[in-house]
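Trainee: Residue numbers (my numbering), protein chains in the order written: chain H, 1238 to 1519; chain B, 907 to 1042.
Everything labelled a hint here was simulated from the structure, so no lab data went into it.
Check before you lean on any hint, since a few could be wrong.
[Claimed, not checked] What the simulated footprint calls covered on chain H by chain B, stretch by stretch (three residues with Cβ under 8 Å from a Cβ of chain B suffice, anywhere in the stretch; the number is not a length):
hint, region
1, 1372 to 1378
2, 1477 to 1486
3, 1500 to 1512
The beta-carbon is built from N, C-alpha and C at its ideal position, and this holds for glycine as well.
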Amino acid sequence: MRPASGGVELRNRHLRMVFFCAGLFFVSSALLLPLAAQQTFKKAVPTAADWAAVAKLPDFTGVWEIPLGGPAARVTNPAVGVPGRLFAPLSLTPEYEAKRKDLMAHADQDNQSANCLPPGMPGIMAQPYPMEFLLTPGQVTIIIEAYSETRHIYTDGRPLPDDPDPTFFGTSIGHWEGGTLVVKTVGFSTETEIEPHVPHSDKMQVLEKFRLLDPNTMSIETTVTDPEALTAPYVSSRILKRHRNWTIAEYICEQNNRNYVDRNGKAGINLTLPKDAPPEPK
Amino acid sequence: MRPIIKYAVLAAILFSGVIAGTAAAAPHHGFAVFDTSSQKNITGTVRDFQWTNPHTWVWLDVPNDKGGVDTYGFEGMSPNYLERRGWTRKTLKPGDKITVTYFPLKDGAHGGSFLIGKRPNGEELRMLITSPTEDH
Chain H
1238 MRPASGGVEL RNRHLRMVFF CAGLFFVSSA LLLPLAAQQT FKKAVPTAAD WAAVAKLPDF
1298 TGVWEIPLGG PAARVTNPAV GVPGRLFAPL SLTPEYEAKR KDLMAHADQD NQSANCLPPG
1358 MPGIMAQPYP MEFLLTPGQV TIIIEAYSET RHIYTDGRPL PDDPDPTFFG TSIGHWEGGT
1418 LVVKTVGFST ETEIEPHVPH SDKMQVLEKF RLLDPNTMSI ETTVTDPEAL TAPYVSSRIL
1478 KRHRNWTIAE YICEQNNRNY VDRNGKAGIN LTLPKDAPPE PK
Chain B
907 MRPIIKYAVL AAILFSGVIA GTAAAAPHHG FAVFDTSSQK NITGTVRDFQ WTNPHTWVWL
967 DVPNDKGGVD TYGFEGMSPN YLERRGWTRK TLKPGDKITV TYFPLKDGAH GGSFLIGKRP
1027 NGEELRMLIT SPTEDH
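Let's have the full structure, built from the sequences with the hints guiding it.
Mentor: Structure representation (C-alpha cells):
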C-alpha cells in the first residue's frame, strides 16, 4: 500500500499533462498571433492625449439640420458643380435605368417606408430631421433623429473590411484632411436607394466630405460610385445649419404608424380609433 | 422620413409653387391615399389628439344627420417637427371645437391629411410651417 507515493505519481502525471498542454498552447499561440494581428484591427485604449487631440478637431458637435422649404435644402457646392444647380446629373447604366423606370411605375403607391422601413444610406443623410455629431477618440458618431438611427464612422486607422455584410448604413471609416472629415463607406444593402426610386448594386461606395463653411454651417459633399448602376460618379452637396439649443427627440416609427403597403403593393391607411380614446360624447 | 418629407414637399407646392427646394427630401412615402387635388373643410369637436410618431393624429367628432357623430381621423406632422414649431401635445385637447382643412382620403373614408385647424376665435393652427423656431 503506497497511497501517498501513488498520489504523488498521479499528481506528477497530471502536472506533466498540464505543462504539456500549456506549452502546446504557447507555441501555437506564438505561431497564430502574427496572423491574427494582420486580420484583426486592435483598437488602442484612448489616452489623455487622444482626448486632447479631439479638442483640436473642427467643432462638429451639436445638432444640425438641413433647412426646409427652400433652395437651401439642397445646394450644389460651387467647388464641385454649377452654383445654384439643384440636381446633379444621375447617369445610370441601361440595366439600372430599366430598374429605375420599374420603380417609378409604382411610385404612385407608397413603398415599404410606409411600413417603417428606414431609408438607410445615402438617403438617411438627406432627411429633413436633425442629426447630432459626437466626436470621441478614433470615432465620429452621427445620431439621426429620423427613425432613431445611428452612424458610426471609425477614424482610428482601421481598414475597410474586405467582404462586409450588406447593411442599411454600410461600414464607414474616416480620416481628417485639415478641417475636412473624409469618410468612405462600403457594404450596402440593395434595399436602400441612391435617390428616391433610384436603385444601386451591392458594390455601391459612398465618399463624403464634411467641413464647416462658417461656425454654424456645415457642408457635406457626397460622391456615390457604383460600377454596376452608375456610368459616372454621382455628386451632390448639402448645407446644414447648427442649432445649439436643440436636442434630438425620440422617433419610434412603429409607435402609431397607420400607413401601410399591403402584400399587393397597394397603399392603405388604418383609421381604427385609438384604444384609449375618450368615449363617444353623449 | 415619410411624414416630414411629404409635408415638406406639400409645403413647397402650397407656398412656393416649386418642389425643387425639397428634392433632397422627395417622398419615398407619397400621398398615395390622399387626394391632394382638393381641399375640404369640416367642423367638429376634438375627440382625441395623438402626439405620436411617425404622425400625430387628430380625431374629430362631426355631427351626422342621424343625430349622432362620425369620427374623422386626420394624419398630421410628426411631434418632432411640430414641437420645433410651437406645437405641444396639449395644443389640441378633447372638447376643443375646430374646423379642419384637409386633403381627403381618395376612398371617401372619414379622414384625411391635416393642413390647418381653425378655432372659433379665428386662431389658426398650421402644421405646414417650414422654418423652426430657434429657441426650441
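Trainee: A separate judgement is required for each hint: does it hold in the structure or not?
Mentor: Hint check results:
1. Proximity of the region 1372 to 1378 of chain H to chain B, defined as three or more residues with a beta carbon under 8 Å from a beta carbon of that chain, is not established by the 0 residues found.
2. Check on the region 1477 to 1486 of chain H: 4 of its residues sit with their Cβ under 8 Å from a Cβ of chain B, so the three-residue criterion for coverage holds.
3. Check on the region 1500 to 1512 of chain H: 6 of its residues sit with their Cβ under 8 Å from a Cβ of chain B, so the three-residue criterion for coverage holds.
Checked against the numbered hints above, the structure violates only hint 1.
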